[in-house]
Structure formats: structure tokens, C-alpha cells
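Undergrad: Sequence:
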Amino acid sequence: MDWDEAEHDVRKLYDAWIDGWNSKDAGAMAEICDENCTIIGFDGSVMRGRAEVHSTLEGIFSNNPTGRYVKSVRAVGFPADGIAIIDSVVGMVLRGKSDINPSVNAVQSMVAVNREHGWRILHFQNTPAAYHGRPLESEKLTEELRMLIPDAWYFEKN
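Going by my numbering, the residue at position 78 of the sequence shown is 64; the numbering climbs one at a time, nothing skipped.
Just so you know, the hints here were simulated from the structure itself, not pulled from any lab data.
It cannot be assumed that every hint is accurate.
[As the list claims (entries may be wrong)] Simulated pairs of lysine-lysine, DSBU-like, Cα-Cα distance not exceeding 30 Å: (1) K83 to K10; (2) K126 to K83; (3) K126 to K(-2).
Make a model of the complete structure from these sequences and hints.
TA: Next up, the structure:
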């Protein structure tokens, strides 16, 4: 396996997941999941399989004013051939706003598997970055993520 190419492909997979969320595209997000995936949402809800990912996310996007993520990948690892793990942190900017909402900062973990059709998300977990009792850690993360907000978002109305 070409490790540089594999890391590039896995990062692209994670980018596609975030881009799918930011564009409210449940179909695109489900498409990059393995058929046997498990996705754990910020609120602890669990989705199993591509079809459930699609229908659940479609409902979320239709019924909620979701924000957009900015992200910072902390690590990419390959514990075995054909298996990758990404650890990252994310912040969310609500539509119509121009700053991070610290209450929804999160730590994300993605496990990807390389199948016959390329890399797919096998497991994804989105955990609140609450940092209980450590407010400086929370502030530090928010400041880091704030620096990643695209300039264009500051001028959008929705």
C-alpha cells in the first residue's frame, strides 16, 4: 500500500463527509459509507447501514437549521492494511452567523475501510467537546477553530 496515497484518499473521504453535512446532502453522505456502517451522532443517536444514514440525515436536514462545520484533523493512522482512523475536532457556525458556537464543538473519530470500490466510512462518532471543569481547553479549541472559518461565511446572510 502506498501510505501517502492512502492518507490522501482517507482525508478526501473525511472532507467529503464534512462537505456533505455543510451542503445538507444526505445522499452524498450515505454514499461514502460502508453498507455495514455505524454512525453515532452528537446527541448519541445511532444509525446503522447506508439506508438509515440517508433517511436519518435527510430528516435532520429537512427539519433543522443545521450549521456548517470547520475542522482540524489531529491524526490519521493505519492500524492494519486497509483500515484507517482519523481523529479530528470540529466547530460549527450556524447559518446566518459568523462565529463558532462553542456549545457544539466536537471531537470526531472516523474508521474507514478500503473495499473494492475504494475507501468507505465504517464507523463514525461525533462526541461533544465539553471539557468539563476545563474551560481554558474549551476556549483554546474555540479559538483554534475560529481561525478556520472561511472569510466568505462572514458575509453570508443564510
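Undergrad: Work down the list of hints and note, for each, if the structure agrees.
TA: Hint check:
no. : hint          : in the structure
1   : K83 to K10    : holds, 17 Å
2   : K126 to K83   : holds, 20 Å
3   : K126 to K(-2) : holds, 26 Å
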